[in-house]
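Turn these sequences into a full structure, and let the hints guide you.
Here the protein sequences come in this chain order: A and B. Using my numbering, the first residue of the first sequence is number 1, and each one after it goes up by one. Using my numbering, the first residue of the second sequence is number 344, and each one after it goes up by one.
Read the hints as simulated data drawn from the structure, not as lab findings. It cannot be assumed that every hint is accurate.
Under the rule of at most 25 Å between Cα atoms (straight-line distance), these lysine-lysine pairs were calculated in the BS3-like manner [as the list claims (entries may be wrong)]:
1) A:LYS194 / B:LYS516
2) A:LYS164 / B:LYS379
3) A:LYS303 / A:LYS287
4) A:LYS219 / A:LYS185
5) A:LYS199 / A:LYS134
6) A:LYS134 / B:LYS447
7) A:LYS207 / A:LYS315
8) A:LYS207 / A:LYS128
9) A:LYS334 / A:LYS324
10) A:LYS128 / A:LYS231
11) A:LYS219 / A:LYS199
12) A:LYS185 / A:LYS207
13) A:LYS164 / B:LYS407
14) A:LYS128 / A:LYS185
15) A:LYS303 / A:LYS341
16) B:LYS440 / A:LYS164
17) A:LYS41 / B:LYS379
18) A:LYS134 / A:LYS207
19) A:LYS130 / A:LYS112
20) A:LYS112 / A:LYS207
21) A:LYS41 / B:LYS447
Residues of chain A clear of chain B, computed beta-carbon distances all greater than 12 Å [to be verified]:
22) SER68
23) LYS97
24) GLY104
All of these numbers come straight from a predicted model, not from anything done at the bench. Every residue, glycine too, gets a C-beta built ideally from N, C-alpha and C.
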Amino acid sequence: MTPMTPFIILAASMTSQIVTPVIILGAMGLIFGLVLAFAAKVFTVTVDPRVEQIISVLPGANCGACGSAGCSGYADSVVNGGAPCNLCAPGGAAVAKAIAGIMGTEAGAVEKKVAVIHCSSGGRDNTKWKYAYKGIESCLSAASIAGGPNSCSWGCIGFNDCVKACMFGAISIDESGMRVIDPEKCTACGACVKACPRKLIELVPLKNSVHIKCSSQDKGPLARQSCGNEKPCLGCGICSRKCPVQAITIENNLARIDYAKCVNCGICATVCPSGAILDLLGGRRKKAEINGELCIGCTICAKSCPVEAISGEAKQAHKIDRDKCVGCEVCVGKCPKQAIKMT
Amino acid sequence: MNFLGQLFVMAVSAIFIQNFVLSRFLGLCPYLGVSKKMDSAFGMGMAVIFVMTMASAICFLIYKYLLVPYGLTYLSTLAFILTIAALVQFVEMVIQKNAPALYKALGVYLPLITTNCAVLGVAILNITPLADGSTYNFLFATLNGFLSGVGFTFVLLAMAGIRQRLELVDMPKSMEGFASGMILAGTMALAFYGFMGLKI
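Given below as structure tokens:
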């Protein structure tokens with residue numbers, strides 16, 4: 001035995017002690033890595049790149065206004081389920097156009113809508129109370145106790161469930177405790193519509209400016225008694241009869257405006273005996289006037305006028321009866337020569 | 344003892360007496376983290392059962408046919424982590440391709456438990472000699488993984504049920520959330536301590 005032998009044996013056993021585990025674990029890692037790399041190829045799920053693109057243009061609020069479970073769900077249903085590209089309310093026309101660009105289709109027009117509360121009550125000084133409610137500050141909770149604490153069982157309770165539901169901060173509370181909806185911030189996602197236990201909120205096209213501010217289906221005298229703001233809809237039907245375009249119907253003692261037909265003339269608001277109709281343009285309406293030099297007598301305006309205020313022979317300059325004109329501005333948009341101005 | 348008797352003993356032991364969460368204190372992060380809602384707790388529980396069963400089986404084979412013959416049992420922790428991580432990744436890919444519905448239900452939870460201590464724990468306990476010196480065979484190791492997963496799911500669901508009810512309770516601000524969750528976990532562990540007295 002040479003003096004070097006113990007060292008050689010030691011070195012050999014150390015080598016086997018180190019090398020074996022390194023080889024075995026290294027081989028395990030290598031095999032697992034190869035298997036995973038192979039599996040990644042075999043089991044790859046092809047995701048349409050357009051889904052990612054659409055997700056990137058969506059606002060990411062996950063509000064659910066489109067009917068899908070969130071922005072990624074909507075992107076998936078646009079690409080794979082054939083959903084229309086204009087369902088995103090918060091994104092509006094810009095997003096619809098972007099999605100249409102990605103999908104290579106035409107964007108349908110997105111009509112900007114805004115939430116409107118159909119009740120003028122619910123503030124600090126304009127609500128009548130049936131009993132003193134001392135529970136959780138929530139409309140849903142209050143409404144479920146003895147038909148709600150306010151005397152009108154159709155009207156706003158005023159605990160601001162809609163404000164809490166709004167994720168865009170579009171509903172604020174003014175000094176009298178009334179809810180004010182900012183049409184700029186409102187994205188018509190419908191969260192407040194769902195939150196209101198009295199179903200007072202409706203999504204209305206932004207261009208419409210005349211609203212019935214009541215949802216009471218009580219008969220006239222009872223509605224008058226219980227309305228804290230003393231501006232209930234009595235169901236008398238005067239508005240319906242005076243409406244030049246038959247946009248108002250009375251059902252269950254309550255007037256309803258068909259927003260598709262309404263021309264924003266505001267006549268209903270002026271004839272309503274109890275002041276239940278809110279006219280946002282009240283007093284600011286102008287009358288239409290035809291510039292005789294530009295008019296070519298095409299009769300389009302006369303045909304489109306809902307109140308037949310325009311008269312004139314074909315190929316002659318037309319005239320507008322200022323007493324009949326309700327200022328709805330329908331003719332202004334129809335005139336091919338831009339001859340009609342509001343004055 | 345016949346097979347069914349052994350199975351029963353193992354089930355009672357894995358679910359009640361030696362419960363992973365409340366007796367061994369393994370897998371506490373998902374126990375506190377995913378127990379706020381009943382349905383997510385259920386999804387997590389199913390994922391844990393699945394991964395624990397698979398990990399038990401594969402790790403047992405790795406141990407018996409790779410580590411023991413080469414005298415590398417001291418590396419079992421390392422080898423098991425490697426195996427479990429690769430296995431979960433692989434399984435995730437397979438079900439994403441072949442069972443999209445199952446992937447939607449389990450998908451988010453699978454990566455979460457890849458390196459969970461409960462999963463590694465069951466793999467190591469399966470190779471640890473029992474009180475009488477014997478060790479599990481392959482079948483019992485796999486069954487032990489499955490039953491331990493069931494035990495985990497059981498307490499996770501119980502916890503989620505209690506926490507869902509506590510949501511509605513008027514609680515001091517300082518006790519909301521994890522504070523009450525910790526106290527709950529401790530109380531449940533004390534209750535499970537009572538099972539220690541079972542003689543089977």
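Tell me the numbers of any earlier hints that the structure contravenes, in ascending order.
1, 4, 6, 7, 8, 13, 14, 16, 17, 18 and 19
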